[in-house]
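A.B. asks: Note that the protein sequences, when read in sequence, are chains A and B. Quick note: the first sequence uses this note's numbering, first residue -17, plus one each step. Quick note: the second sequence uses this note's numbering, first residue -17, plus one each step.
There could be a bad hint or two in this list.
Identical copies look the same in the list; a pair holds intra-copy or inter-copy alike.
[Stated by the list, open to error] SDA-like cross-link-like pairs, simulated, lysine to any residue; straight-line CA separation at most 25 Å:
1. 118 - 72
2. 11 - -16
3. 11 - 82
4. 154 - 355
5. 154 - 238
Since the hints were made in silico from the structure, they are not lab data. Quantities reported herein were computed from a predicted structural model and do not represent experimental measurements.
There are 2 protein chains.
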Amino acid sequence: MQRSPLALPFPALLPIAGVRIGTASVPYKAWTRDCVTLVEFAPGTAVAGVTTRSLCPSPEVELCRAKLPGGHARGLIVNAGNSNAFTGAAGMAAARAQAARVAERLDCSADAVFSASTGVIGVPLPIDLAVEGVDKAHARLGEADFLAATNAIGTTDTFPKAATASAIVGGKRVSINGIVKGSGMIAPDMATMLGFIFTDAAIAPALWQAMLNDAVASTFNAITVDSDTSTSDTVLAFATGAAGNTALATMDDAGAEALAAALTDICRHLAILVVRDGEGAHKLIEVTVTGAVDDASAKRVALSIANSPLVKTAIAGGDANWGRIVMAVGKAGEPADRDRLSIRFGNTLVAAQGAVVPGYDEAPVAAHLAGDEVSIAADLGMGTGRARVWTCDLTHGYISINADYRS
Amino acid sequence: MQRSPLALPFPALLPIAGVRIGTASVPYKAWTRDCVTLVEFAPGTAVAGVTTRSLCPSPEVELCRAKLPGGHARGLIVNAGNSNAFTGAAGMAAARAQAARVAERLDCSADAVFSASTGVIGVPLPIDLAVEGVDKAHARLGEADFLAATNAIGTTDTFPKAATASAIVGGKRVSINGIVKGSGMIAPDMATMLGFIFTDAAIAPALWQAMLNDAVASTFNAITVDSDTSTSDTVLAFATGAAGNTALATMDDAGAEALAAALTDICRHLAILVVRDGEGAHKLIEVTVTGAVDDASAKRVALSIANSPLVKTAIAGGDANWGRIVMAVGKAGEPADRDRLSIRFGNTLVAAQGAVVPGYDEAPVAAHLAGDEVSIAADLGMGTGRARVWTCDLTHGYISINADYRS
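All chains, full assembly: derive it from the sequences and hints.
C.D. replies: Following this line, the structure appears as structure tokens:
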């Protein structure tokens, strides 16, 4: 698979005390690269998570949902090459068996072991390979090699994706790393996004979960490649506490805002990296909607624009087709008034008050659209609601990746 | 534009007493073909209509919405080559001026003149050409030539689309014709669907509107090419009463059910013809959802499947990718249970009870998918709700039509 033209280099990540990683290879597919990732967390590690909204989730997602209320994690196991989704009782048995083996190896409760799988669907995860993968990865547990882990959780990602940040919390410097895979496809099945975030900050699980929920809403839940939702999407965030700060319990504690801001930055960076690896993407598109009746309405309008095939193909063609933006605003079903609507491409106002601006000059817009980062802004003129989402263009590459093979 | 591989021949239409048609050419674009269509209806003609749900509609749509409650029509004027959408006050002035000229020529109230326009957006309909078009078309008014009208309302349609039916109402034989344009694109702008239905039946406007609402829900509102909604979509239905039946007033009147059934048949046929002319379409896809908690839920799930780019590309590739159907059911947000879900392609059960069926043989599915009419069925196992929608595959042709040019 050709590296995305929008790829960014892998960043220099910070060490995170309390996190050990081992990766290993087992033949889920005819791959020689590592495809099983085991992460061991120090006792006391808090965990927060957000899973797909799909009502047909994988067993791993169901297990995450069941375990997250416990708030603590000692282990994470990730399989690439088999998503274990839509595999009935056999798949659930395999997921449970693998988590049990991790618990045995790490000497902890299976309730503290979190699982995620990505890859082919409809084929139960082979229990023997899944258990063998745990043993092999456990034998290689050591200082956290985040690049190795990022490569091992990937499927058809065209580049490894990570982000890092730090913050001062209660007088201590804390570090946060995030890694993510998606949204390449593992032929012939679904794109799945898996994101994992690691910090050495000490924080109560409930507050960590609240911070993650907030961060995800404006980041991972504000990206779209093709409007399709995987059965396996999962973001898990682990806080080991090894930085030694007094554990954060409320947003009023010193440093809580800083940690939340760093977490949101990480999530935004990771989310945009996923779009940058969107199938067939040649342009990153930022859609900003302002002037909606409220933020939720703004987000629905922004997603209507970002998911519109006609908008996405226009951007692919470098076409300043503001009529398609009007169309997408109109179809969103949110309060809008054609005669108050204004539209910008880049810094150029194209349409306002229900019509193209007088003396509209397309040249600066065409120059903006020729770049690989495009911004579209729509102001609805109705209120103060605003939202920002990211997507990519819709190209022949998307069709080729998704249609031009037989399973 | 190459004729769609899914095109059907133009049918032999019935004459409709009380309808006269004239078409004419004016230079909205550099076309020599006719692009203005004037229809004159006998006094007493009832009208019903359904317009786009877009909140940013064209002036023509706004005028239709305002006039429909009157229930009667004497004239219809259709422009192709300029949609007059998003043109502010200038566009509204042009639409009003054109309708006024029709009213003058037909010696009727402007409230009885209905308008529709399709084509480039953001450019106000030129008033002088619009009025000239009325005069020219009026000079050519004569026996209804539905093929000429179908060609004149088209934009980049690759074949003319029509349907016909008849019914016995109150002992009289009545005829219904329907013509439709869409969903080719008029570069560089939006696809617009315009449908016009003509019958010589006599019927009260309120009942005619109720019949049309019912018919549209399961036909025009059950098709999707790319999930995008035009600012100008309009279906208008005219009943001249010239057949001489006692005017239908309620569904209990003799023949009302027959007329409603014929109307629904016409609408379904026209709607599927639009999908057959979908941009880049090589396969017509029928999606049936059963076992939902209710019909509305079934329709949302069916549209989630039909709008999924991953499903549509899989069908384009002839790929029996049932995992993408699971994904689309899961993302619909409707009550569903992975372990009760079953999926068929054609007549072959592929997955049931949360997993692929034992001994699944892909050969008959691959044979079905190799044809140009594909059926997908999902049973949710939750209740008795059902729905059927139609779409087409997503191909390189769609990208080429919508991205590979500059405006």
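A.B. asks: State for each hint whether it applies.
C.D. replies: Results of checking the hints against the structure:
In this assembly of identical chains, the alpha carbons of residue 118 and residue 72 lie at most 25 Å apart only when taken from the same copy (23 Å versus 72 Å across copies). For the identical chains of this complex, residue 11 and residue -16 are intra-copy neighbours only, at 20 Å inside a copy versus 42 Å across copies, given an alpha-carbon limit of 25 Å. With identical chains, the CA atoms of residue 11 and residue 82 are at most 25 Å apart within one copy only, with a shortest distance of 23 Å there and 70 Å across copies. Proximity of residue 154 and residue 355 under a CA criterion of 25 Å is satisfied in neither setting, with 37 Å inside one chain copy and 65 Å between copies.
Within a single copy, residue 154 and residue 238 get their C-alpha atoms as close as 12 Å, which meets the 25 Å cut-off; across copies the closest is 79 Å, which misses it.
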